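Asker: Chains A and B, in that order, give the protein sequences. Here the first sequence stands for residues 1 to 112, where the numbers follow our numbering. Here the second sequence stands for residues 1 to 113, where the numbers follow our numbering.
None of these hints come from the bench; they were simulated from the model. You may find that some hints are simply not true.
[To be verified] Among the chain A residues that face chain B by a calculated CB cut under 8 Å, a handful are:
#1 Gln-31
#2 Ser-32
#3 Pro-44
#4 Leu-46
#5 Phe-49
#6 Tyr-51
#7 Leu-88
#8 Gln-99
#9 Leu-100
#10 Phe-102
Values in this document were obtained by computation on a predicted structure and should not be read as measured data. In this text, a Cβ means the ideal position worked out from N, Cα and C, and glycines have one as well.
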Amino acid sequence: QKEVEQNSGPLSVPEGAIASLNCTYSDRGSQSFFWYRQYSGKSPELIMFIYSNGDKEDGRFTAQLNKASQYVSLLIRDSQPSDSATYLCAVNIAGSARQLTFGSGTQLTVLP
Amino acid sequence: NAGVTQTPKFQVLKTGQSMTLQCAQDMNHNSMYWYRQDPGMGLRLIYYSASEGTTDKGEVPNGYNVSRLNKREFSLRLESAAPSQTSVYFCASSETGVHQPQHFGDGTRLSIL
Chain A
1 QKEVEQNSGP LSVPEGAIAS LNCTYSDRGS QSFFWYRQYS GKSPELIMFI
51 YSNGDKEDGR FTAQLNKASQ YVSLLIRDSQ PSDSATYLCA VNIAGSARQL
101 TFGSGTQLTV LP
Chain B
1 NAGVTQTPKF QVLKTGQSMT LQCAQDMNHN SMYWYRQDPG MGLRLIYYSA
51 SEGTTDKGEV PNGYNVSRLN KREFSLRLES AAPSQTSVYF CASSETGVHQ
101 PQHFGDGTRL SIL
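Excised from the complex, chain A in its bound form (with noise of 0.2 Å):
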């Protein structure tokens, strides 16, 4: 049972629109949960990382994090041509303070 899911995709939207992308994980003893993105053939870059419940906004990226239902979202406002990616999230797996358990991505096209 992988730990942290992901819908693969792909998920297209218009120009201007939200991208909403959704992520669910398994261990209740999980702190910090983070979002990174991967352009095609390059290497994940870090977006936005959450741990206390609620909502957290950089920009046009926000990401929600609900622990009792154990998801976590990112929501990318006025999508832009340039946010089509394959977006990965990460979730620390409890007890140790430096592992993180990856999904599987879920690729984003954003259409002009």
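Put chain B on the given structure of chain A with help from the hints.
Answerer: Chain B only, in chain A's frame:
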């Protein structure tokens, strides 16, 4: 600021050959990691080093060895390469602490024939 530097960027090996992937970080991070990324499977942890002088197995350690040479450098060795080890390998580093994000190098694309 270079961040995390991996060498080589590309490599082709024959089955049974050995090689070492190099990783160095200049962010003064204590923790370093090696991942592999295969299509549809996300990133899987091979080994990590919480601090200089320590290493621990991750999810998929079989067929690999690591060395934390000093605080900056963390190498991954394939002793006898197998086609199943064809993958993209990423090195990452982070500060110590549960809320610290990991920062990735550009990756090594390894093909084993």
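Asker: Each hint: holds or not?
Answerer: Checked hints:
no. : hint    : in the structure
1   : Gln-31  : 5 Å, holds
2   : Ser-32  : 5 Å, holds
3   : Pro-44  : 5 Å, holds
4   : Leu-46  : 5 Å, holds
5   : Phe-49  : 5 Å, holds
6   : Tyr-51  : 5 Å, holds
7   : Leu-88  : 7 Å, holds
8   : Gln-99  : 6 Å, holds
9   : Leu-100 : 6 Å, holds
10  : Phe-102 : 4 Å, holds
Hint compliance for this structure: no hint is broken.
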